[in-house]
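Student: Protein chains in written order, with the working numbering: chain A, 1 to 234; chain B, 1 to 351.
No lab work stands behind these hints: they were computed from the structure.
Incorrect hints may have been included.
Selected chain A positions facing chain B (Cβ under 8 Å, derived; list incomplete) [what the hints assert, rightly or not]:
{"no.": "1", "residue": "Arg28"}
{"no.": "2", "residue": "Asp32"}
{"no.": "3", "residue": "Ala40"}
{"no.": "4", "residue": "Ala45"}
{"no.": "5", "residue": "Leu82"}
{"no.": "6", "residue": "Leu85"}
{"no.": "7", "residue": "Ala86"}
{"no.": "8", "residue": "Pro90"}
{"no.": "9", "residue": "Gly139"}
{"no.": "10", "residue": "Val143"}
{"no.": "11", "residue": "Phe146"}
{"no.": "12", "residue": "Leu205"}
{"no.": "13", "residue": "Asp211"}
Some chain A residues well away from chain B (every beta-carbon gap over 12 Å; in silico) [as the list claims (entries may be wrong)]:
{"no.": "14", "residue": "Val24"}
{"no.": "15", "residue": "Ala37"}
{"no.": "16", "residue": "Ala54"}
{"no.": "17", "residue": "Ala78"}
{"no.": "18", "residue": "Asp88"}
{"no.": "19", "residue": "Val91"}
{"no.": "20", "residue": "Glu113"}
{"no.": "21", "residue": "Ala136"}
{"no.": "22", "residue": "Pro159"}
{"no.": "23", "residue": "Arg209"}
{"no.": "24", "residue": "Pro210"}
Facing chain B, a subset of chain A residues (Cβ under 10 Å, in silico) [what the hints assert, rightly or not]:
{"no.": "25", "residue": "Ala35"}
{"no.": "26", "residue": "His36"}
{"no.": "27", "residue": "His39"}
{"no.": "28", "residue": "Thr41"}
{"no.": "29", "residue": "Val44"}
{"no.": "30", "residue": "Gly52"}
{"no.": "31", "residue": "Gly56"}
{"no.": "32", "residue": "Leu77"}
{"no.": "33", "residue": "Thr79"}
{"no.": "34", "residue": "Ala80"}
{"no.": "35", "residue": "Gln81"}
{"no.": "36", "residue": "Tyr168"}
Every residue, glycine too, gets a C-beta built ideally from N, C-alpha and C.
What follows is the residue order along each chain.
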Amino acid sequence: MSDVILALDTSSGTRTALVRDGRVLATRTQLDARAHAEHATPLVAEVLTEAGIAVGDLTGIVVGTGPAPFTGLRVGLATAQLLALAVDLPVWGVPSLDAWAAGAFAADPGLEEVLVATDARRREVYEARYVRDPGAPGGLRRVGDFAVHRPDPVAGPVPAVGTGTTLYPEAYPVVVAAVDLDPGRLADIGLARARAGEPVPLTPLYLRRPDVHGVPGGREPLAPTTPTPAAEER
Amino acid sequence: MAVSEPLVLGIESTCDETGVALVRGRELLADVTASSMDEHARFGGIVPEVASRAHLEALRPTITAALDAAGVTLADVDAVAVASGPGLVGSLTVGTAGAKALALGLGVPLYGVNHVIGHAAVDELVHGPFPERFLALVVSGGHSSLLLVNDVATDVVELGQTLDDAAGEAFDKVGRLLGLPYPGGPHVDRLARQGDPAAIAFPRGLSKGRELARHPYDFSFSGLKTAVARYLEGRADAGEEYSPADVAASFSEAVADVLVTKTLRACAEHDVRTLVIGGGFSANSRLRELAAERCAAAGVEVRIPPIRYCTDNGAMIAALGSALVRAGVAPSPLDLAVDSSMALSLVSVPA
Numbered sequence: 001m002s003d004v005i006l007a008l009d010t011s012s013g014t015r016t017a018l019v020r021d022g023r024v025l026a027t028r029t030q031l032d033a034r035a036h037a038e039h040a041t042p043l044v045a046e047v048l049t050e051a052g053i054a055v056g057d058l059t060g061i062v063v064g065t066g067p068a069p070f071t072g073l074r075v076g077l078a079t080a081q082l083l084a085l086a087v088d089l090p091v092w093g094v095p096s097l098d099a100w101a102a103g104a105f106a107a108d109p110g111l112e113e114v115l116v117a118t119d120a121r122r123r124e125v126y127e128a129r130y131v132r133d134p135g136a137p138g139g140l141r142r143v144g145d146f147a148v149h150r151p152d153p154v155a156g157p158v159p160a161v162g163t164g165t166t167l168y169p170e171a172y173p174v175v176v177a178a179v180d181l182d183p184g185r186l187a188d189i190g191l192a193r194a195r196a197g198e199p200v201p202l203t204p205l206y207l208r209r210p211d212v213h214g215v216p217g218g219r220e221p222l223a224p225t226t227p228t229p230a231a232e233e234r
Numbered sequence: 001m002a003v004s005e006p007l008v009l010g011i012e013s014t015c016d017e018t019g020v021a022l023v024r025g026r027e028l029l030a031d032v033t034a035s036s037m038d039e040h041a042r043f044g045g046i047v048p049e050v051a052s053r054a055h056l057e058a059l060r061p062t063i064t065a066a067l068d069a070a071g072v073t074l075a076d077v078d079a080v081a082v083a084s085g086p087g088l089v090g091s092l093t094v095g096t097a098g099a100k101a102l103a104l105g106l107g108v109p110l111y112g113v114n115h116v117i118g119h120a121a122v123d124e125l126v127h128g129p130f131p132e133r134f135l136a137l138v139v140s141g142g143h144s145s146l147l148l149v150n151d152v153a154t155d156v157v158e159l160g161q162t163l164d165d166a167a168g169e170a171f172d173k174v175g176r177l178l179g180l181p182y183p184g185g186p187h188v189d190r191l192a193r194q195g196d197p198a199a200i201a202f203p204r205g206l207s208k209g210r211e212l213a214r215h216p217y218d219f220s221f222s223g224l225k226t227a228v229a230r231y232l233e234g235r236a237d238a239g240e241e242y243s244p245a246d247v248a249a250s251f252s253e254a255v256a257d258v259l260v261t262k263t264l265r266a267c268a269e270h271d272v273r274t275l276v277i278g279g280g281f282s283a284n285s286r287l288r289e290l291a292a293e294r295c296a297a298a299g300v301e302v303r304i305p306p307i308r309y310c311t312d313n314g315a316m317i318a319a320l321g322s323a324l325v326r327a328g329v330a331p332s333p334l335d336l337a338v339d340s341s342m343a344l345s346l347v348s349v350p351a
């Protein structure tokens, strides 16, 4: 039986792909950074229609878990989870930054290490470092933890990808060219990990605590955010 | 055997409750609610991001629990209804995104419905079909609205709403002034029962002269809340004792008096003989007493659903969805947008 995987990512715009046995049958991207809830399900319906696949023919759903701005991120997760519930399918979570890294490794066969930096708003970036690892499902391995912080001017000579590299070019002098977040790669990584029995949690990678400012009558502030280990290293 | 009526699954996620219910016709099969209220209590108010995170965690398990409780499966569902406004954007977004995927996956129509009108619609599940026209007073921590309902699925006219604080919000604020725990509404209500409602003459907002003429059916509670604060400051400055129970009772009286007086005025002007009161604030004991007393005198029937259907829940959304299906209203498009300030005349998002 062939694998028919729907991938959905709402970490930067809304992106979806329909992948059968490693081949992308249809894909849609809507870069609108705000209206994820409007676009997600209609785009999924479009790729299904274009590929001539009924929703009942899907065998799995892969969803990007961020890190990303919260409201958009939740659209992808809610959409994927309830579509999976409706059709009784497995749903697997893959960090969105993993797909960026996979794109970089595919674009440059000589690349062994890559830094992914995406827009976290508030003049900050989400970051993670990856190495190529042919033995790992999906062909890559994350080194260290996810972090959110100001773009770091000493990010160093590690080639970088992601929306953060175009927003803060001074912080990322070496960039892997022509890489975009491809939901097809998200599908590949998710399927490979699920098959290998690796964890594919649906936990959203928020990285930041809820902002309690502006709550009417809010009195008790939250404890300051604990820096992630990756942030402490810097 | 008669063909059974359509089964509607309703999803509510406008504020801090994740509610899912199943309604067939006017029969409620199951109603399950998950609340993040305890997580907000320590901040003294609802933190939107905390609520949104809780919705995402609760959505799928709440749906599953509601299906189990109703003894049905998703394959039995004929339509999905979701509250797509008004409410908190982050909260609305989780439920609406999920509802769309559910509708696509099941191949059934989607209705993006108005949360406030849902507070009135739910009464049909309790007290049976609505009369030809009725007035709905929807009062909660987020809303204080007076609606003329000619048909709950197709024709709702907004007569008025609060210009500042909602009734429940004013109670929470006065609760804080009196040093009561959050949410203050129920605490103020309990305290008020021990006090004298005529002890302090607190103002009735938009109830006299030109203000009344300009805003016959609108409400304003922020001046009242300020009057309570001034009264308490005045006693403190003068080093005088005061009775918190009298303050709570006089304040409650002012809120209930304005709500009931304006509502009955609207009943008279529009020749309506039925009033439905919904929303979490309809649990307020003084509002219930005063509405029952004055409506009986005016010959207006009052319908108030039990409190579990007055707080935010999935049943109100499923009930309104069911009314829309019954009326043959076209479903909403899958690209519908959430609308945090959805107009109260909009029952559902049009195709």
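Student: Now, for every hint given, state plainly whether the structure supports it.
Tutor: Here is what the structure says about each hint:
At its closest, the beta carbon of Arg28/A sits 13 Å from a beta carbon of chain B; the interface hint therefore is violated under the 8 Å criterion. Restraint check, Asp32/A versus chain B: the minimum CB separation of about 11 Å is more than 8 Å; hint violated. For the restraint placing Ala40/A at the interface with chain B, the shortest Cβ-Cβ distance is roughly 6 Å, inside the 8 Å limit, so the hint holds. At about 6 Å, the closest approach between the beta carbon of Ala45/A and any beta carbon in chain B falls short of 8 Å, and the interface hint on this residue holds.
Below 8 Å, beta-carbon pairs count as interface contacts, and Leu82/A has one with chain B at about 4 Å; its hint therefore holds. Satisfaction of the interface hint for Leu85/A is found here, the shortest Cβ-Cβ separation to chain B being roughly 6 Å, below the 8 Å cut-off. Proximity of Ala86/A to chain B holds as hinted, the smallest CB-CB distance being about 3 Å (cut-off 8 Å). About 13 Å separates the beta-carbon of Pro90/A from the nearest beta-carbon of chain B, more than 8 Å, and the hint is not met.
A hinted interface residue such as Gly139/A counts as satisfied when its beta carbon comes closer than 8 Å to some beta carbon of chain B; here the least separation is about 30 Å, so the hint is violated. Checking Val143/A against chain B: minimum C-beta separation of about 28 Å lies over 8 Å; hint violated. The interface hint given for Phe146/A is violated, since its Cβ lies 17 Å from the closest Cβ of chain B, which is over the 8 Å cut-off. Contact between Leu205/A and chain B, as hinted, is not supported at the beta carbon level, the nearest pair being about 12 Å apart and thus beyond 8 Å.
Contact between Asp211/A and chain B, as hinted, is supported at the beta carbon level, the nearest pair being about 6 Å apart and thus within 8 Å. Distance to chain B confirms Val24/A as a non-interface residue, since its nearest Cβ pair spans about 20 Å, more than 12 Å. Once the 12 Å rule is applied to beta carbons, Ala37/A is inconsistent with being away from chain B; the minimum gap is 5 Å. The Cβ of Ala54/A does not lie farther than 12 Å from every Cβ of chain B; its closest approach is about 9 Å, which violates its non-interface assignment.
With a minimum CB-CB distance of about 4 Å to chain B, Ala78/A fails to clear the 12 Å threshold, and the non-interface call is violated. Some Cβ of chain B comes within 12 Å of the Cβ of Asp88/A; the nearest lies about 8 Å off, and the non-interface call is violated. Distance check for Val91/A against chain B: the nearest CB is about 10 Å away, which does not clear 12 Å, and the non-interface claim fails. Listed as outside the interface, Glu113/A is consistent with that label: its C-beta sits roughly 33 Å from the nearest C-beta of chain B, beyond the 12 Å cut-off.
Against the 12 Å criterion, Ala136/A stays outside the reach of chain B, whose nearest CB is about 29 Å from its own CB. For Pro159/A, the non-interface assignment is confirmed: its Cβ lies about 34 Å from the closest Cβ of chain B, beyond the 12 Å cut-off. Not every CB of chain B lies more than 12 Å from the CB of Arg209/A, the least distance being 9 Å, so the non-interface label is violated. For Pro210/A, the condition that its CB be more than 12 Å from all CB atoms of chain B is violated, with the nearest at approximately 4 Å.
Interface hint status for Ala35/A: upheld, as the beta-carbon distance to the closest one in chain B is roughly 7 Å, under 10 Å. With a least beta-carbon distance of about 7 Å to chain B, the hint placing His36/A at the interface is held under the 10 Å criterion. Taking 10 Å as the C-beta cut-off, the interface hint given for His39/A holds, the closest approach to chain B being about 7 Å. Hint on Thr41/A holds. Least Cβ distance to chain B is approximately 4 Å, under the 10 Å limit.
A cut of 10 Å between beta carbons decides the hint on Val44/A: the least distance to chain B is about 7 Å, and the hint holds. Taking 10 Å as the C-beta cut-off, the interface hint given for Gly52/A is violated, the closest approach to chain B being about 16 Å. For Gly56/A, the suggested interface contact is upheld, since its CB lies about 9 Å from the closest CB of chain B, less than 10 Å. Interface hint status for Leu77/A: upheld, as the beta-carbon distance to the closest one in chain B is roughly 6 Å, under 10 Å.
Taking 10 Å as the C-beta cut-off, the interface hint given for Thr79/A holds, the closest approach to chain B being about 4 Å. Residue-level restraint check for Ala80/A holds (minimum Cβ-Cβ distance to chain B is 7 Å; threshold 10 Å). Interface restraint check: Gln81/A against chain B, minimum CB-CB distance 5 Å, threshold 10 Å, status holds. About 25 Å separates the beta-carbon of Tyr168/A from the nearest beta-carbon of chain B, more than 10 Å, and the hint is not met.
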